[in-house]
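Number of protein chains: 2
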Amino acid sequence: MNAEIIAVGSEMLTPDKIDTNSLYLTQELNTLGIEVVAKCIVGDDRVRLTDAIRAAWAHSELVILTGGLGPTEDDVTRDAAAAALAVAMHEDAEAWQAVLDRFKKFGRTPTENNRRQAFILDGADRLPNPNGTAPGQWFQRDGRVLVMLPGPPRELKPMVPAEIVPRLTALLPPLVIRTRWYRVSLIGESDLDALIAPIYTKYTNPATTILAAAGDIDIHLRARCATAEEAETLLAEVGDAIAQVIGDKIYSTNGDALEQVIGKLLIARGQSVAVAESITGGMLGQLITSVPGSSAYFRGGFLTYTNEMKESLLGVPTETLKSMSAVSEDAAKAMAAGARERSGADYALSTTGYADADQAGLVYVGLATPSGVHSRKLQLTGDRHRVRSMTCVNALDWLRRALA
Amino acid sequence: MNAEIIAVGSEMLTPDKIDTNSLYLTQELNTLGIEVVAKCIVGDDRVRLTDAIRAAWAHSELVILTGGLGPTEDDVTRDAAAAALAVAMHEDAEAWQAVLDRFKKFGRTPTENNRRQAFILDGADRLPNPNGTAPGQWFQRDGRVLVMLPGPPRELKPMVPAEIVPRLTALLPPLVIRTRWYRVSLIGESDLDALIAPIYTKYTNPATTILAAAGDIDIHLRARCATAEEAETLLAEVGDAIAQVIGDKIYSTNGDALEQVIGKLLIARGQSVAVAESITGGMLGQLITSVPGSSAYFRGGFLTYTNEMKESLLGVPTETLKSMSAVSEDAAKAMAAGARERSGADYALSTTGYADADQAGLVYVGLATPSGVHSRKLQLTGDRHRVRSMTCVNALDWLRRALA
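Chains as they are written, first to last, in the working numbering: chain C, 51 to 454; chain F, 51 to 454.
None of these hints come from the bench; they were simulated from the model.
Hints are supplied without guarantee of correctness; some may be wrong.
The list makes no distinction among identical chains, and a pair is therefore deemed to hold if it is satisfied within one copy or across any two copies.
Claimed, not checked - Cut-off 27 Å, straight-line C-alpha distance, at most; resulting in silico cross-link-like pairs (DSS-like, lysine-lysine):
{"id": "1", "residue 1": "K67", "residue 2": "K207"}
{"id": "2", "residue 1": "K154", "residue 2": "K427"}
{"id": "3", "residue 1": "K299", "residue 2": "K154"}
{"id": "4", "residue 1": "K252", "residue 2": "K314"}
With the hints as constraints, model all of the structure from the sequences given.
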């Protein structure tokens, strides 16, 4: 079953407002194995909303509307739904009684326009709303469902487990969902896709999703089957083939970030790491220490932005800085070696390079290990932030491989 | 002019993903006086997307599509737009050359599927994308406009001021827009709103927008008038009143971030800064060095995560660490003093505290200046990331006030 969610209300179309209801509903629907294939926010415009509902109803088995169920002229959800489905409405006696009861409880009198809130689509179930005046509605026809829910999260949220989940569960075939998650570093999205598309495009089950961020790609596989065994077999069939072509560029299969993977490897080996940063200016240390418990293996670091600091803190030879410049293989090595020695850590990473100006993107990364000191030249692209981020990904991935 | 925004990509239909592009675009469109009347997220489904584009095109003068311009079969935006508008596409020679150039720059070879990225709607302008392979497109017909932009924010964002705003401005009636921008630190959003709502709610012109992030609030005022003089008068009337009640919590009036403000102050005074970080593990250094040109005033730093490092690198007395613990006023002072002395910088900031576990949120910040060493105790709330971020904001804001 596929779902679309339509949130109604002009107030959600500002630069700083987020439709949190749809995130919550997506979570609940995914848990049931229902995929959300589109979501919209439509202002208080009956014509536009009617069109949006009609399109959703044509494409998806489940349409959930949130908001726009208040008592004013602005509240257009009921009317638009009735128009889109070509269904009449009636005043529901129980719904009106619930409105009266609620007003009585607060010692107030409903106005005539509150009657609008008691209007229910012909053939729909009224869904009680314990925290507000507007009831929800559940309308089912030809195997399709349209749901209306109130907009305020404190009214909507309790209604989902109470009214929506049980009704949906009754409609769904019993299915088991199993997932795999590969995290991959240092490969371009199109290169990766060229590698794995020949595999995953052959299957709709498991479904494959690829998410790319700077230096990092997540591959999600989701199998939905009648039994767990069947799902695991499908995941193995597709997942193992994908894992084989990507190889050791996969750094995690459980969602761990690169810095978490490194932390676990260091803990397992009882070893520690330090950093010496020039171009990244603290970003590498900040990433490593973003992991709770990192004090167990992170000894510290040296932000040596000036040549004097590289000399005095890390013992990088004046000669190296003069003859080779601070952005060189030798400087990166000397920084890593100095950081390892002066921190007492087992491993040390160093970074030096140009983040902007003429030679932007020229970076050297150093790695000092118990068995030697190495450096690598990188030629990165993008703005200052990207060059610095990619430097960190390269450094961390190098350490991961050294530890693995 | 009314606008609709359609974001394309199944990855944005998960329970934890937010379409930040649409928030940014809404901000930019509102600044031009264009209202966003609907926005949608549609998965990678050509048929559904074609329908969504057709509906938006029927209802609004401006339709902006983001994402789905990549090289894979999954990237359906171009095809769907062509189908919805009943327009053919052609391979654009310049667009293909741009793809080739970009790959060449990185020493890579495009795959055959990259050709898809050079397809342009007949009659559309190609919009250059300096940070990615996929160009944008601008298609205009019968007074309506359809725009396609790449999904990654670092590609999309620079294209909006460069390509979209000027083209839209040319279509709009001539109105003069003048803005003010206050950036405010270390005050809660509701406290701030209680202070300034009595002022700004009296006016619809200038329009006031408040954007809140952790430790940071932006207040935008936008006046739209027939003349610049009129607009400036309105801005002064509302803006000056707002500035007066907020006082020196305003750290910037030109959009500069806190670390940029500090950089300019240090450059103006010919002075320098260093850091000694424990709880923030490099975040403070990373923030300071995120500013291009920061090598002019950032000398470097010490990430002293262990007590041994605090002793050996910064000379924090063993006594202090034993009797007072590493999270104490004395430790923060000794760290700042040690960092200042050993880096030769004029100022040094230090951070020490607990990011999680029992005493999470207890933080000391130190500041060493040419005239003395000070420390402050903070009691912060939130998760590890927020505690570390707020520690940085507090430290930087303290330095700003010391320099101002």
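Here is how each hint holds up against the structure:
When the C-alpha separation of K67 and K207 is checked against a cutoff of 27 Å, the pair qualifies both within a copy, at 18 Å, and between copies, at 19 Å. Taking the shortest Cα distances, K154 and K427 sit within 27 Å of each other only across copies (19 Å), while inside one copy they are farther apart (53 Å). Taking the closest pair of Cα atoms, K299 and K154 come within 27 Å of each other only across two copies (23 Å); inside a single copy the shortest separation is 49 Å, beyond that limit. Within a single copy, K252 and K314 get their C-alpha atoms no closer than 35 Å, and across copies no closer than 56 Å, so neither meets the 27 Å cut-off.
The structure does not agree with numbered hint 4 stated previously, though it agrees with all others.
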